[in-house]
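Read off the chains here:
2 protein chains.
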Amino acid sequence: MSKEKNKVEAITPINEDFARWYTDIVINAELIDYSSVKGCVILRPYGYAIWENIQKILDGMFKKTGHQNVCMPIFIPESLLQKEKDHVEGFAPEVAWVTHGGTEELAERFCVRPTSETLFCDHYAHIIHSYRDLPKLYNQWCSVVRWEKTTRPFLRSREFLWQEGHTMHETADEAVAETERMLNVYREFCEKYLMIPVLAGRKTETEKFAGAEATYTIEALMHDGKALQSGTSHYFGDGFAKAFGIQFLGRTNELQTPFQTSWGMSTRIVGAIIMTHGDDNGLILPPAIAPTQVVIVPVAQHKEGVLEKANEFKTRLEDKFRVELDDSDNSPGWKYAQHEMRGVPIRLEIGPRDIEAGNCVLVRRDTGDKVTVSLDNLEESIEEQLDALAANIYQRALENRERRTKDCPDFDALEAAVAKDLGFYNAMWCGDAECEARLKEKLDISSRCIPFEQKELSDRCVVCGRPAHHMVTWGKAY
Amino acid sequence: MSKEKNKVEAITPINEDFARWYTDIVINAELIDYSSVKGCVILRPYGYAIWENIQKILDGMFKKTGHQNVCMPIFIPESLLQKEKDHVEGFAPEVAWVTHGGTEELAERFCVRPTSETLFCDHYAHIIHSYRDLPKLYNQWCSVVRWEKTTRPFLRSREFLWQEGHTMHETADEAVAETERMLNVYREFCEKYLMIPVLAGRKTETEKFAGAEATYTIEALMHDGKALQSGTSHYFGDGFAKAFGIQFLGRTNELQTPFQTSWGMSTRIVGAIIMTHGDDNGLILPPAIAPTQVVIVPVAQHKEGVLEKANEFKTRLEDKFRVELDDSDNSPGWKYAQHEMRGVPIRLEIGPRDIEAGNCVLVRRDTGDKVTVSLDNLEESIEEQLDALAANIYQRALENRERRTKDCPDFDALEAAVAKDLGFYNAMWCGDAECEARLKEKLDISSRCIPFEQKELSDRCVVCGRPAHHMVTWGKAY
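Chains A and B are the protein sequences, given in the same order.
Numbered continuously in the working numbering, the first sequence closes out at residue 508.
Numbered continuously in the working numbering, the second sequence closes out at residue 508.
Isolated chain A (complex conformation) (with noise of 0.2 Å):
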């Protein structure tokens, strides 16, 4: 048990070194453990469950939006991996080749699945007939494997758990409406279920998926000051459609070519939950996706009675919220310290003397606020700390962003702002890779977005003095 008590001590305060915080908090709260395949972890029970409610949210969203789940094969033969230029070009650097089944060479090598937009396509090739058989709206929920050089917990992973929806539409506009419309839903669900606030806009020509006319993105601001890429929505026109012979009768008896769209929301997102609201004392958790909400913790629970209340509690709070009772032969405030770096959002305390009050004692993991509540409206009030919690960790992180979010009419105010202190960098761009790639040479910041909400900071690129044509936002990314 002291080694338990050690883990919590052993975090490295958050604003002495970032990344060790990160990795101590990552290993402590028991979210992952390394495993012997190099690149790859192992999400451990606390770690997946979070991932879990992740999960069974954005499910729903995708069901509500007329998704369909389904489930491709694993692997990509060669052959399919190539049929789209500028995607295998993207990818075939960074697949793992499967060469061998059993003791047989195989004819032609596959990949595991770096993403599954070559599968899709074969797929609707099969099934897109008529303009009655779109749109096709389908997801998947899987792991696919890039062969990263470096890796790191959630993060950046030679295997990651994400969803990839793919889908095609007859129009053109149905298809940027529905690239859209799933940037909206990665957007709603990071500010309202992950209280993470993100910058939605369009990445670059640099930065954009490989094979894909326009990528969009939601970009969120880590405590540290660097962006975290949290989710993306691509739409492809008609490019992988007409190099997969996807064809289809339309109302006017013609042949046609539809067009398609891709998302994905990664184990990445359960990085950017710690890195935005964790603190010193390690996790914090929003309570919507907190595989605990509500901790009960009895105080003197060798006293009659106690335990017994405690055990009523839970099944009581079961029904509402996911409820945990600590009941072990730790001491309070090692139970306090603990759950506090697992960040569990609610700690509820129960002693003799509340007991014979009618109360109990709530208290806070983001702020440590107590209050003493009534055990008549005691739902209630859970429900109120809940909201006030995901409400203040929102508006924490929001005011984290705005102060490091700069505006930088030109390059000397960009120069300076990027030497002051890691942040969102505002400044005008005139559209040409090259300013971009200027930029990442001397500032070492990459573009993270073309934002949608655009000001008009001056009318030059701050690079180049030409006419800029946007405000690009930019930042180092994790």
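The set of hints was computed from the structure by calculation and includes no laboratory data.
Treat the hints with caution; some may be incorrect.
Only pairs whose alpha carbons sit at most 27 Å apart, straight line, appear in this in silico DSSO-like list of lysine-lysine [said to hold, decoys possible]: (1) B:Lys68 - B:Lys179; (2) A:Lys166 - B:Lys166; (3) B:Lys506 - B:Lys222; (4) B:Lys86 - A:Lys86; (5) A:Lys68 - B:Lys166.
Covered stretches of chain B, as calculated for chain A (at least 3 residues, CB under 8 Å) [said to hold, decoys possible]: (6) 70–80; (7) 93–100; (8) 105–112; (9) 171–182.
Note that the coordinates shown come from a computational prediction; the quantities given were computed from them, not determined experimentally.
Using N, Cα and C, we set each Cβ at its ideal position, and we do this for glycine too.
Fit chain B to the given chain A structure using the hints.
Coordinates of chain B only, in the frame set by chain A:
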């Protein structure tokens, strides 16, 4: 649309060619599509929705018995796979090997997991230190890959979805109890939710899982009389734990080795549902896992008020049942055939006369029986019909099994029974693997299990005449 109609008509009669009937169903009911990846299929929305319903129920049963979900890597380094001798011998010939990451050849090749005992043991070695850490009751939902030569949708494919439970216990007794507990979960799931009667027992040495001390199984008998292994639960003793150096400090402060189990159920079970309950008109789905439990088909839907009423029903019933409204332009007859093929348990017909009379008609998929019911207690009537359907398809499956189960006191009886018809053949066995091999060779049957419920048909092995130790149930397996 006429193409759709042909799909219904194109189903091979079940007693003419069962294998073709099966393929016709999985394709025409749109459960799967073939992919460009040899031996891997695509689960289409209707097929995947069945699996999602199975997952939801089973996952609930696992959680109720104290299990937690985790996620292990998809790859196993060759050296890890080799740690347990029997295990690697069993699986190495049928794994897919990853040899390259991007353009680089890997220093050590990885296989795509065929099952994850080795990965779980590797993890358990990190996290099990004390008897307080036990038991560990983990499960994961994932896909696994086995490089099969001959494949059939759901029954045998190179990639399949499943769950795999992996647990570690302080004592052998506890581990054995877990093995039995989880077999019983599978049995209950099959009998109570899938309406498939199963035979439970132990596998012979020849048929047990590679590396296990004992394998328990549930075996179902399909409509055609062939057997399908539907779920297995393995007891490993401490073999893997020793190979992986897993040790814990016991209650008496001595280092001990834990005892292990694993258990799995896969998408094969969807094949079992199809082949147990289906008929000439297509699928018959057990209500518990049917993606659509009630399909509403309006009659004379162009008449005033009919579609409105149908929509009203949909809204009304949606809270209690998985409901679909078919308001397409197709004729009612076409719709009936279509939804029968898809195995929807109850069809609700509503037309102008029904509306006037305050009634509607419920039609059961299994019997075709129609009942006119009052709208006042529609929910109760549907519930009754669903229950009656479930009970009836279970009964039919049980009768098929009983009719096809033969007690064979000697070799001649066994030979005659095998020659006569497919089914389960009960016969006494001495326990010698050679006698088992002899039966396979002579009669082309394999041991399905040593049933927990034993009978003494004679005191001699039907092959060698030596004293018999067990009654074995034999059969031809999928």
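Notebook entry, point to check: Which numbered hints does this structure break?
Noted result: 2
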